[in-house]
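Use these hints to put chain S onto chain P, whose structure you have.
Chain order of the listed sequences is P and S. Heads up: the first sequence begins at 1 in my numbering, then just goes up one per residue. Heads up: the second sequence begins at 119 in my numbering, then just goes up one per residue.
Keep in mind that the hints were calculated from the coordinates and are not lab data. These numbers come from a predicted model, not from an experiment. C-beta: ideal position from N, C-alpha, C; glycine also. Accuracy of the hints is not assured; some may be wrong.
[Claimed, not checked] Derived pair list, reagent style DSBU-like, types lysine-lysine, alpha-carbon separation capped at 35 Å:
| hint | chain 1 | residue 1 | chain 2 | residue 2 |
| --- | --- | --- | --- | --- |
| 1 | S | K142 | S | K224 |
| 2 | S | K149 | S | K163 |
| 3 | S | K149 | P | K65 |
| 4 | S | K157 | S | K220 |
| 5 | P | K19 | P | K42 |
| 6 | P | K42 | P | K65 |
| 7 | P | K76 | P | K65 |
| 8 | S | K220 | P | K19 |
| 9 | S | K163 | P | K43 |
| 10 | P | K76 | P | K43 |
| 11 | S | K142 | P | K42 |
| 12 | P | K42 | S | K163 |
| 13 | P | K19 | S | K163 |
| 14 | S | K157 | S | K142 |
| 15 | S | K157 | P | K42 |
| 16 | P | K65 | S | K224 |
| 17 | P | K76 | P | K19 |
| 18 | P | K42 | S | K220 |
| 19 | S | K224 | P | K19 |
| 20 | P | K76 | P | K42 |
| 21 | S | K224 | P | K43 |
| 22 | S | K163 | P | K76 |
| 23 | S | K224 | S | K163 |
| 24 | P | K76 | S | K224 |
| 25 | S | K157 | S | K224 |
| 26 | S | K142 | P | K76 |
| 27 | P | K65 | S | K157 |
| 28 | P | K43 | P | K65 |
| 29 | S | K163 | S | K142 |
| 30 | P | K43 | S | K149 |
| 31 | S | K220 | P | K65 |
| 32 | S | K149 | S | K220 |
| 33 | P | K19 | P | K43 |
[What the hints assert, rightly or not] What follows is a list of derived Cβ distance ranges for each label pair:
| hint | chain 1 | residue 1 | chain 2 | residue 2 | range |
| --- | --- | --- | --- | --- | --- |
| 34 | P | T101 | S | D188 | 25 to 33 Å |
| 35 | S | E222 | P | G26 | 30 to 38 Å |
| 36 | P | S7 | S | N210 | 27 to 35 Å |
| 37 | S | S195 | P | P14 | 45 to 53 Å |
| 38 | S | R179 | P | S7 | 30 to 38 Å |
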Amino acid sequence: EVQLVESGGGLVQPGRSLKFSCAASGFTFSDYAMAWVRQAPKKGLEWVATIIYDGSSTYYRDSVKGRFTISRDNAKSTLYLQMDSLRSEDTATYYCARTTTGWYFDFWGPGTMVTVSS
Amino acid sequence: DIQMTQSPSFLSASVGDRVTINCKASQNINKYLDWYQQKLGEAPKLLIYNTNSLHTGIPSRFSGSGSGTDFTLTISSLQPEDVATYFCLQHNSGYTFGAGTKLELK
Chain P
1 EVQLVESGGG LVQPGRSLKF SCAASGFTFS DYAMAWVRQA PKKGLEWVAT IIYDGSSTYY
61 RDSVKGRFTI SRDNAKSTLY LQMDSLRSED TATYYCARTT TGWYFDFWGP GTMVTVSS
Chain S
119 DIQMTQSPSF LSASVGDRVT INCKASQNIN KYLDWYQQKL GEAPKLLIYN TNSLHTGIPS
179 RFSGSGSGTD FTLTISSLQP EDVATYFCLQ HNSGYTFGAG TKLELK
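Only chain P is shown next, with the shape it has when bound in the complex (with noise of 0.2 Å):
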């Protein structure tokens, strides 16, 4: 059974950093691209950043370029986002979601919360 689980969500305040990981099993990690897509609250979803199979290449959307970094580390079957300089519009539930070769989203993490307030 396919499985993805978000961890390191949490309050921060503006202008500072935070990283969260999403652990995968249930699957061949390594095979897969893998996305983050967040929903604000009471918005609709919202695409943020894709990173190929083996980490070579990586996309983002242009309100995170520069300030978001997607990773993984297909040793530990996980999947990263590092957070910095956070606005309060980056407030919303982060979910990571497996990425067919097909390039859409078929299995998605119940997702976790980050809250960007001073």
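What follows is chain S alone, placed relative to chain P:
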């Protein structure tokens, strides 16, 4: 950037009803349109990918259709467990989600 216009934003229907939800893309996205179901407090769940392919384990009452810019999710006979918010996602060029359709029982 591709914009996705989803309608209706809210839908109330009875058990057994046929329900349709629409997504319109601002430009041609070929077949690269997916549908997700999100129940309150849960992660999104893939229902349909690439317009009309049913994801593993999804009941056959869910189906998708369309091409180019106009796409439809159909629930052939609404069940109580289908109460949720439904999102479309285009992955033809980057990723853009629709704003969502909240489906409730009448």
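Hints and how they fare:
1. K142/S - K224/S: holds (26 Å)
2. K149/S - K163/S: The given pair, whose Cα atoms are some 19 Å apart, holds under the 35 Å limit.
3. K149/S - K65/P: holds (28 Å)
4. K157/S - K220/S: Holds - the C-alpha atoms of K220/S and K157/S are around 10 Å apart, at most 35 Å.
5. K19/P - K42/P: holds (23 Å)
6. K42/P - K65/P: Holds. K42/P to K65/P sits at ~24 Å (cutoff 35 Å).
7. K76/P - K65/P: holds (26 Å)
8. K220/S - K19/P: holds (32 Å)
9. K163/S - K43/P: It holds: about 17 Å lies between the C-alpha atoms, which stays within 35 Å.
10. K76/P - K43/P: holds (32 Å)
11. K142/S - K42/P: Distance ~22 Å between K142/S and K42/P Cα, so the pair holds.
12. K42/P - K163/S: holds (18 Å)
13. K19/P - K163/S: Within the cut-off at roughly 25 Å; holds.
14. K157/S - K142/S: Answer holds: K157/S to K142/S is near 23 Å, not above 35 Å.
15. K157/S - K42/P: This hinted pair holds, its Cα atoms lying about 13 Å apart.
16. K65/P - K224/S: violated (44 Å)
17. K76/P - K19/P: holds (16 Å)
18. K42/P - K220/S: Within the cut-off at roughly 12 Å; holds.
19. K224/S - K19/P: The given pair, whose Cα atoms are some 43 Å apart, is violated under the 35 Å limit.
20. K76/P - K42/P: holds (33 Å)
21. K224/S - K43/P: Within the cut-off at roughly 24 Å; holds.
22. K163/S - K76/P: Satisfied, since the Cα-Cα distance of roughly 25 Å is no more than 35 Å.
23. K224/S - K163/S: Holds, because 23 Å separates the two Cα atoms, which is no more than 35 Å.
24. K76/P - K224/S: violated (47 Å)
25. K157/S - K224/S: holds (17 Å)
26. K142/S - K76/P: Given that 35 Å is the threshold and the Cα spacing comes to 40 Å, the pair is violated.
27. K65/P - K157/S: The hint holds at about 30 Å.
28. K43/P - K65/P: holds (21 Å)
29. K163/S - K142/S: holds (21 Å)
30. K43/P - K149/S: Holds. K43/P to K149/S sits at ~26 Å (cutoff 35 Å).
31. K220/S - K65/P: Measuring from Cα to Cα gives roughly 32 Å; hence the hint holds.
32. K149/S - K220/S: Status holds; Cα separation ~24 Å.
33. K19/P - K43/P: This hinted pair holds, its Cα atoms lying about 23 Å apart.
34. T101/P - D188/S: 25 to 33 Å: The hinted range 25 to 33 Å holds for T101/P and D188/S, with Cβ atoms some 26 Å apart.
35. E222/S - G26/P: 30 to 38 Å: holds (33 Å)
36. S7/P - N210/S: 27 to 35 Å: Cβ of S7/P to Cβ of N210/S: about 33 Å, so the range 27 to 35 Å holds.
37. S195/S - P14/P: 45 to 53 Å: holds (49 Å)
38. R179/S - S7/P: 30 to 38 Å: holds (35 Å)
When each numbered hint is compared with the structure, violations occur for hints 16, 19, 24, 26.
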